[in-house]
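Two chains, each in its own frame: build the complex with the hints.
This is what each chain is made of:
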Amino acid sequence: MSTPIEPIRTVHGRGVVVRGDDIDTDRIIPARYLRCVTFDDLGDALFWDVRHDDDGRPTGHPLDDERFAGASVLISGRNFGCGSSREHAPQSIRRAGFDAVIAQSFGEIFFGNSTTLGLVCIELGPDDLEEIARAVEREPAVAIEIDVEAELVRVGDRSLRGSIAASARRALTSGRYDPLAELLEGDAAIAGVAERLPYVGQR
Amino acid sequence: MTSPRTLLDKVWDAHAVRELDNGQTQLFIGTHLIHEVTSPQAFGMLRDLGLEVRMPERTFATVDHIVPTDQREEPFADALADEMIKALHANCARHGITYFDLPSGLQGIVHMVGPEQGITQPGTTIACGDSHTSTHGAFGAVAFGIGTSQVRDVLATQTLAMTKPKVRRIEVNGRLGPGVYAKDVILHIIRTLGVNGGIGYAYEYAGDVLARMSMEERMTVCNMSIEGGARCGYVNPDATTVDYLEGRPYAPKGAAWHEATERWLACASDAGCTYDDVVVIDADDIAPTVTWGINPGQAIAIHETIPHPDRVPPGERASVVEALTHMKLEGGAPIRGTKIDVAFLGSCTNARLSDFIEVARVIAGHRVAPGVKAIAVPGSTLVKEECERRGIDAVLVAAGFEWRAAGCSMCLAMNPDKLVGDQLCASSSNRNFKGRQGSATGRTVLMSPAMVAAAAVTGTIADAREVFGTREGVTA
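Protein chains in written order, with the numbering used here: chain X, 1 to 203; chain S, 1001 to 1476.
Chain S extracted, bound-state conformation (with noise of 0.2 Å):
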């Protein structure tokens, strides 16, 4: 009889090699997703080094980040755009990797991608050269972001040197409230526990709420793990997992998936295991979020107030006046009311088939604010399709939104999608950084789709419940 082991305890065990000379562990990487932005060095150093891939049919690629969303036939007009697609395309065709391309019709978001095919499993190990791959961790599976260097060794061996991450059990317990959303949910904790509390852990989301949560709400919550400082974020193995994934391409079949889901349930997290931390968190607590700052901690509720120099500890003081000076918001002033420019739907946290339809049901015969632009990513082609079958891309067009292709967008503005000069954009993404939507002087306020759909008609950052009333969503 062992002792009662979490989660990550069970994976890291099963998936260590062996202890490396500095003490770290040599962990072997169960699945690799790569894209065109962090991998082309990694394959550039495999070459200089005479390195082959060691387990091509481990690594799985499609192309997100620099992607148009408007322009997709190739050659594309942006030419270092068109290199490291075509670079992409030559080292998957070279080295024999599956590369979900715009022509496969399955393209879109890597942390979309890998759920929808069923290659995200319980129980395994996940890794790509993108922070937001904790994404996969709703799934139980151990999921982190990792760099180029280390693209390059998961390509050569399959595995990395990691340090083995503290748990800390995150329980939110209770019933969310109509109107608040998986997206408000990690931006209470990230606020929180703040922009720092989770490096050294890996987050464990449990209680009632998560529980209840789809298995697209419950990436919302994964998928900014790393914005709270935790490298990876994972929920426990349930009956919502294990139906989500049956039938999908990649899941196994027939037999394999009887002793699969058995395999995938008994690696949750065992009741009476130790936790190196536990925090608990009363959904009652939790009201529609959005931020004030150039961090995701930055957040207060809707109807509080944005934050004084005078009224915070003096060691955050310098932080705050920074924030404020950069937002061009004042202290003590409201949030609520504060004019938007640009309206942004999509992103790795956000831009689910579940999302849109939450919008559409809000947003239906409600028009966009005159001088607001508004633009709406789907996370993948398949998501893309699924709304345009369900009338759901008419919606938003009809509600003045522009309906695009999917890929990253306006989340890091690495493609056309960019906010310009001082622009404030109310959006359903993940980093509200300096910067992060193009522009050095754009402005992000981080909230949940149905907020951004508020924000998006009114012109102004606005409560949702307030704009569209409290029907009871499709919320957990």
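With the rest of the complex left out, here is chain X (with noise of 0.2 Å):
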């Protein structure tokens, strides 16, 4: 197997707010952007819809504000990344670039899609969420380093307790959370469940 991982530890970087509850994916990318074969050119597509009007015109969106340039952690509401499967969501986040997202809770197919491609998806009550969203619009340069393991967001000085689903914790700190190789690995497993299933090649 190629594509070898890192265990993902940590994640350091500046934050960026985008508020709301229940942005969902389509709002994350619209629809007209899956039109495509790969997901190689995602990053531009990012919240295109909320951040352009009509006439393309920038709608001043925290994505475009220069004080928030280089943010690496997205910071959002309850139930980020509702709706459809698309892993282009997760895709544009990762290559508009994107390390971690951090919400009050997470749409349960984006949660995986993320963990996948190693974007830490954390969970943080809605008060701490108010107050990690109100640091960073009062000074984008506050650094924000989340332990996956420990499940914790510091900011500035303040340590806050958050939630990484447990299984997706183990998967990226020991950097298997891209589950294809292991998948593999049951090969013999594999045959045997497909041998005892009655409808598995029936026809």
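Don't read these hints as lab results, they were simulated from the structure.
Worth double-checking, as some hints may not be accurate.
Counterexamples of contact, computed for chain X against chain S with all Cβ distances above 10 Å [stated by the list, open to error]: (1) Pro7; (2) His12; (3) Arg14; (4) Gly60; (5) Thr116; (6) Asp128; (7) Glu139; (8) Ala143; (9) Arg158.
Per the computed footprint, the stretches of chain X lying under chain S, defined by three or more beta-carbons under 8 Å from a beta-carbon of chain S, are [stated by the list, open to error]: (10) 19 to 33; (11) 76 to 82; (12) 100 to 112; (13) 144 to 156; (14) 179 to 193.
Even for Gly, the Cβ is constructed at its ideal location relative to N, Cα and C.
Listed below in structure tokens is the structure:
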């Protein structure tokens, strides 16, 4: 197998806040950007329709605010990434330079897709989330550190207790967040299950 | 004697290959469905890794998301669409995957084709790179949407790394009133439990109402599980399930049929099994339901007023304001009477034969209001042909609908069917997200097909029971 991957134990960076609950994957990347056969050019399409008006002019979205240029931690609200299963959404976030998303909760398919790409998704309670959002909006250069194993978000001198599903935490910190290699190792057991299932191979 | 188990427990245990290092299950995927939008990158990853498709006979393909519903001859006018469809064709040909393409006459939305062909069966695991894969749960399958890297995983290994969900049983008891449909049931459930209420759960839909529903109605309910946050939703298989599958091309035949039906019925949740949560809903509380906002949980009964930002809990205020601003609607006002621009009948939620039968029944003798663009897009080529055999297309065309060929169409507007500017669309689809129907400022109001028909003929959001009378329809 190619694609050897490094453990992800911590994420360091600066933040940008995209406010709102239930930000769906259609908003993260509109469907017309799914018209492609590779993920290579998706970074620019991130949040396109909320970043531009009907005439293509910038709307002053936080992602286009130069104070937040170079941010690698995206901060949002509840149920981030709900909706469509399109991996294009975390792919575009990744390709736009982000290493982590902090939110109150995540859409389940988005969360899994993100973990597989090594995009860390950590949940914070609403009050802590608001605190970090305000800290970043007040001082864009404030350093954010996410400790994956300890499930902590450190911002300035504050340390906030977050939550990452245990399976994702183990996958990220072991470097096996892309499961394909491990799935391939199960080859004999896969054949056993296929053999046992009456409907498989039946026509 | 084992303790009582849910359908989810039984199917999970039968398909569990082993436990992975991170504690997830390596789960065998019995049936893998693919389409043109989320598979080409996965085939590209396989190629880069030098891997083959492990069980090509367990993957089935069709073309739905991007395919035009007017022009059906290749090459398509949209060069990117043409490239994606050609890529699917080439990938299927190279790997020996069955492809229900346009010339086969069996093409359609992937969640229509599986059931129609009898590929979707109880007690199986089904995955597809589309979040509405939950539709197949109507048959008592454990079916869920996956990302493209996971499409790669299934192609390469026929397995996925998955976390076993909890199970919430949602019982809908009583009898739906006339003019209340399966779509209203699921919109009501999502409104009640929230768009994130199902995260981490599989939804088991049960109760009298589900027991009486046809398979097509059950598919409508299961289809929108993901809109409630539940990646998978299912109905326990019963005689209705078995009857639907009998004689379908991929259903077992002869002695194998009898063996299969016994196995299917036995995979239903056992009496007395324990659920992580149980919710009971009274059918009397469900009215024709429409959305007013920008997620499917922002829904009200047709006779209710739109929520006012000052009268919702403080934590919801910002979301309500954002939704009202986008929708250009006023808090506290009735939704009924809101002017529409477009009526869309289609999508994997509501583009089955029974949906078009019901619309034709109510709309016969009526005309689409002046200035309203109305399009009807059957979910599959087989549904299209059956509608045409029955003269349903003629009824819809006489009423002023455009009659199209099968595809996802204006549900997500990846093909040429799109809203323009801030047009408001009465839609039988599943998502009212900002920009969903192809225009960033476009507005979507979700509802049942009969309610779309009522909106089309009045030019406003309307109560179909008042527009067409309340004769008993095909509803459960």
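So, going through the hints one by one against the coordinates:
| no. | hint | verdict |
| --- | --- | --- |
| 1 | Pro7 | 12 Å, holds |
| 2 | His12 | 24 Å, holds |
| 3 | Arg14 | 24 Å, holds |
| 4 | Gly60 | 15 Å, holds |
| 5 | Thr116 | 5 Å, violated |
| 6 | Asp128 | 15 Å, holds |
| 7 | Glu139 | 23 Å, holds |
| 8 | Ala143 | 28 Å, holds |
| 9 | Arg158 | 23 Å, holds |
| 10 | 19 to 33 | holds (count 10) |
| 11 | 76 to 82 | holds (count 3) |
| 12 | 100 to 112 | holds (count 6) |
| 13 | 144 to 156 | violated (count 0) |
| 14 | 179 to 193 | holds (count 11) |
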